[in-house]
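Novice: Chain by chain, the residues:
2 protein chains.
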Amino acid sequence: MVLTHQQEETEIRAQIDAWGAALRAKELEKIVSHYAPDAVSADLAPPLSKRGAEALRRNFKEWFRSWIGPIGIEMRDVVVTAGGDLAFAHMLNRIHGMRTSGEATDLWVRATVCFRKIGGEWKVVHEHVSVPFYMDGSFRAAVDLKP
Amino acid sequence: MVLTHQQEETEIRAQIDAWGAALRAKELEKIVSHYAPDAVSADLAPPLSKRGAEALRRNFKEWFRSWIGPIGIEMRDVVVTAGGDLAFAHMLNRIHGMRTSGEATDLWVRATVCFRKIGGEWKVVHEHVSVPFYMDGSFRAAVDLKP
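Protein chains in written order, with the numbering used here: chain V, 1 to 147; chain U, 1 to 147.
Note that these hints are calculated values from the structure, not bench results. Careful, some of the hints might be misleading.
For chains that are exact copies, the list does not tell them apart, and a pair is met inside one copy or across any two.
SDA-like cross-link-like pairs, simulated, lysine to any residue; straight-line CA separation at most 25 Å [unchecked claim]:
| no. | residue 1 | residue 2 |
| --- | --- | --- |
| 1 | LYS61 | MET135 |
| 2 | LYS26 | GLY83 |
| 3 | LYS146 | ASP38 |
| 4 | LYS50 | GLU9 |
| 5 | LYS26 | GLY137 |
| 6 | LYS50 | GLY137 |
| 7 | LYS61 | PRO37 |
| 8 | LYS61 | ASP85 |
Start from the sequences and build out the full structure, keeping to the hints where you can.
Specialist: Right, here's the structure in full:
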């Protein structure tokens, strides 16, 4: 029998919503506070992966600066699995808005987020965000897909 | 306090090893048996994500046919977090070998795998495999990265 863990799932959904609000408003300290100090993240940009909330802080800081005004973020198909002191979630996120380069960004990504309860608080210990790429020989990132 | 769950971690590592052996030997039924019927997967190729072990079966079947002989797979930086009836793991996988197209494949990917114990057995309920892409305006998938 698979037990459902309604309370933990509600807590994780609140975490995800708060993370989205921090991203939208480009609140650096708030967004970094969601991560464990040794969180391992696999992002849209190279390298393959990196370790540590400090690396994430540098990345978010630089990335936030590349947007004019708030960052548009829309999440759908959010599936949360939670129990005890572990949880994971996956979803499709639309990221959109105007860049300081003058270009518009509008793309859908897949996101997987893994949580652990540390000192009574849910922290992200692993995050994986990506788009697929076309297998037609072009090796082009599929930044034009829609769910 | 964060509890460690040594037994579950050992079980998950055995699952990952068995999955790798099934991939290497292109054993379709064995590899599909690792997934829950409604597993959601985000793969190297479009779409953004798909649902169901049957979709995975079709993909593996087609993909296995595109390799001459066994598929080379090497896993490193495998981190497993397990507890109760949930677990997740992330790792870097090198996939290499000769394709029926006559080309050689040799690339490193990031993989995140989320497990749930269903009917007493660990099953993959979510899998996310990707490479990043270059942010130099080329939108080219970074298939040449090394850990």
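Novice: For every hint, state whether the structure bears it out.
Specialist: Okay, the hints, checked on the actual structure:
1. Taking CA atoms no more than 25 Å apart as the test, LYS61 paired with MET135 passes between copies only; the shortest distance there is 16 Å, against 33 Å inside one copy.
2. Taking CA atoms no more than 25 Å apart as the test, LYS26 paired with GLY83 passes in neither setting, with 30 Å inside one copy and 34 Å between copies.
3. Taking the closest pair of Cα atoms, LYS146 and ASP38 come within 25 Å of each other only across two copies (21 Å); inside a single copy the shortest separation is 32 Å, beyond that limit.
4. For a Cα distance limit of 25 Å, the shortest separation of LYS50 from GLU9 across copies, 22 Å, qualifies, whereas the shortest one inside one copy, 27 Å, does not.
5. In this homomeric assembly, LYS26 and GLY137 come within 25 Å of each other (Cα to Cα) only across copies, at 23 Å, whereas the closest approach inside a single copy is 37 Å.
6. Taking the closest pair of Cα atoms, LYS50 and GLY137 come within 25 Å of each other only across two copies (22 Å); inside a single copy the shortest separation is 28 Å, beyond that limit.
7. With identical chains, the CA atoms of LYS61 and PRO37 are at most 25 Å apart within one copy only, with a shortest distance of 17 Å there and 40 Å across copies.
8. Taking the closest pair of Cα atoms, LYS61 and ASP85 never come within 25 Å of each other, the shortest separation being 30 Å inside a single copy and 37 Å across copies.
Checked against the numbered hints given earlier, this structure breaks hints 2, 8; the rest are met.
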